[in-house]
Every structure is written in structure tokens, then in C-alpha cells.
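> Respectively, the protein sequence lines represent chains A and B.
If you read the first sequence in our numbering, its first letter stands for residue 1, the second for the next number, and so on.
If you read the second sequence in our numbering, its first letter stands for residue 1, the second for the next number, and so on.
Bear in mind the hints are in silico, worked out from the structure with no lab data behind them.
One should not assume that every hint holds.
To be verified - As a list, the in silico DSBU-like pairs of lysine-lysine whose alpha-carbon atoms are at most 35 Å apart: (1) A:LYS49 - B:LYS3; (2) B:LYS70 - B:LYS53; (3) B:LYS70 - A:LYS49; (4) B:LYS18 - B:LYS53; (5) B:LYS57 - B:LYS13; (6) A:LYS49 - B:LYS55; (7) B:LYS71 - A:LYS49; (8) B:LYS18 - B:LYS70; (9) B:LYS53 - B:LYS13; (10) A:LYS68 - B:LYS57; (11) B:LYS3 - A:LYS68; (12) A:LYS61 - A:LYS49; (13) A:LYS101 - B:LYS55; (14) A:LYS49 - A:LYS113; (15) A:LYS101 - B:LYS57.
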Amino acid sequence: AQSVTQPDIHITVSEGASLELRCNYSYGATPYLFWYVQSPGQGLQLLLKYFSGDTLVQGIKGFEAEFKRSQSSFNLRKPSVHWSDAAEYFCAVGARAAGNKLTFGGGTRVLVKP
Amino acid sequence: DVKVTQSSRYLVKRTGEKVFLECVQDMDHENMFWYRQDPGLGLRLIYFSYDVKMKEKGDIPEGYSVSREKKERFSLILESASTNQTSMYLCASSSLSGAHYEQYFGPGTRLTVT
Numbered sequence: 001a002q003s004v005t006q007p008d009i010h011i012t013v014s015e016g017a018s019l020e021l022r023c024n025y026s027y028g029a030t031p032y033l034f035w036y037v038q039s040p041g042q043g044l045q046l047l048l049k050y051f052s053g054d055t056l057v058q059g060i061k062g063f064e065a066e067f068k069r070s071q072s073s074f075n076l077r078k079p080s081v082h083w084s085d086a087a088e089y090f091c092a093v094g095a096r097a098a099g100n101k102l103t104f105g106g107g108t109r110v111l112v113k114p
Numbered sequence: 001d002v003k004v005t006q007s008s009r010y011l012v013k014r015t016g017e018k019v020f021l022e023c024v025q026d027m028d029h030e031n032m033f034w035y036r037q038d039p040g041l042g043l044r045l046i047y048f049s050y051d052v053k054m055k056e057k058g059d060i061p062e063g064y065s066v067s068r069e070k071k072e073r074f075s076l077i078l079e080s081a082s083t084n085q086t087s088m089y090l091c092a093s094s095s096l097s098g099a100h101y102e103q104y105f106g107p108g109t110r111l112t113v114t
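Start from the sequences and build out the full structure, keeping to the hints where you can.
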């Protein structure tokens, strides 16, 4: 069975500083990997996704993520955080063998200091 | 623009009541999902459906049932609501032929059972 771990429950970052959110997955074959963002009171919005090919993936809102097979990681980064990036971020893994289901991590809540 | 809508944003029910949560998607997606979201636990899959009148249990189906009579609509039913079902409920949909199981989410229903 696949699983996802987001080791950081909360992260506080100053506006303008860089941000990195960690995601580790467990799955035997090449997974499909996603990052979603949830703003307060909202549903989840897809930031970016990885299926194959280039391991550095660009997403919306200036985010990028890098797939590292050797480390079973898919960390999310942003070079300069804006106050509007305060939200909860979820990493998810899907796999053909698991049908159409996604498995989500526990989430990381990002607070942005002025 | 793709859209998943949920019938209520906030709902307050009493213990023992039968509760219906409705989800509608306008993307002609085959797959629909119900998750509950709790702090620190991320999203946990309750039930999913890959076709009309078809359903499969997710990771935490106990205390819930579902109904899918039409392709665009997926209902979550709490037969006898209990306080431990107080949570945020998220509906999602995805296409069988779409981008590797990318899911689109509704805004969520925050259910409080008193």
C-alpha cells in the first residue's frame, strides 16, 4: 500500500523568504505525485503534479517541486513567499495499481510573518 | 472552468439524525470521491464511485453510506450522526481518461454534530 509523510505540521516563514515543504512517499513503482493547497475555508487546489520525465516540475503561483526517486521525496519550494501563500499544503500519491485513488499526507500549515 | 459543488458549506445536526451531504460535478467525470479532513490526519477516503450505481469502500467507511444514481451527483449519508463525525467533508471527482487521476475538489462542508 502507498503512504505519504509530511514531517512538518507547521512552518512559519517571513514574507519574502524562501519556503520548502517536505514530502516522503512509500510506493514500489513510479508514483504519480501531487501537491495541493487549501486556503482557509476553501477546498483543495492543485499546485502541480509529476507523472514522468523531467524531475523538476513547475506549478502555479510560483511553486516548483522536485521528484527524487533515490530519496522517495517530492519536496515543494518557492523562492519568495507572499502573505497570500499562508495556507495548508497537502502532498498526495497515486498509482495505477491502486486504481483511481490518491493517498494524502497529513498536511503542512504555513504561516507567513510580515 | 471545472466545477464541483457541495450543497452546504456549514451544517449543524443533532446526534442520531440522518444527514445527507450532496456533491455535484459538471465535468462528466466517471470517478467521484468523499473524504473527511481532520487536523493532523490529512484527507481520509470514505467512499468512492467509478460509475453510476457503483461504489467502493475507502479507508474509513464505518458509519457512512453513499448513493450515486446519476453520473454528476454523489451523495454521502450518515445514517445516524454521532459527535465523532464532526469534521470537514470534501468531495472530489476525476476522469478515467484524464491526467493520471488528478482530482478536482469542492469547497467542503463543515459538519458539526451536537
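> Compare the structure with each hint and give your call.
Evaluated hints:
1. A:LYS49 - B:LYS3: Measuring from Cα to Cα gives roughly 19 Å; hence the hint holds.
2. B:LYS70 - B:LYS53: holds, 8 Å
3. B:LYS70 - A:LYS49: Status holds; Cα separation ~30 Å.
4. B:LYS18 - B:LYS53: With Cα atoms ~21 Å apart, LYS18 of chain B and LYS53 of chain B stay inside 35 Å; holds.
5. B:LYS57 - B:LYS13: holds, 24 Å
6. A:LYS49 - B:LYS55: holds, 27 Å
7. B:LYS71 - A:LYS49: holds, 26 Å
8. B:LYS18 - B:LYS70: holds, 21 Å
9. B:LYS53 - B:LYS13: Judged against 35 Å, a Cα distance of about 27 Å means the pair holds.
10. A:LYS68 - B:LYS57: holds, 32 Å
11. B:LYS3 - A:LYS68: holds, 33 Å
12. A:LYS61 - A:LYS49: Status holds; Cα separation ~14 Å.
13. A:LYS101 - B:LYS55: Given that 35 Å is the threshold and the Cα spacing comes to 13 Å, the pair holds.
14. A:LYS49 - A:LYS113: holds, 28 Å
15. A:LYS101 - B:LYS57: Since the Cα atoms of LYS101 of chain A and LYS57 of chain B sit roughly 11 Å apart, the hinted pair holds (cutoff 35 Å).
Violated hints for the displayed structure: none, as all numbered hints are satisfied.
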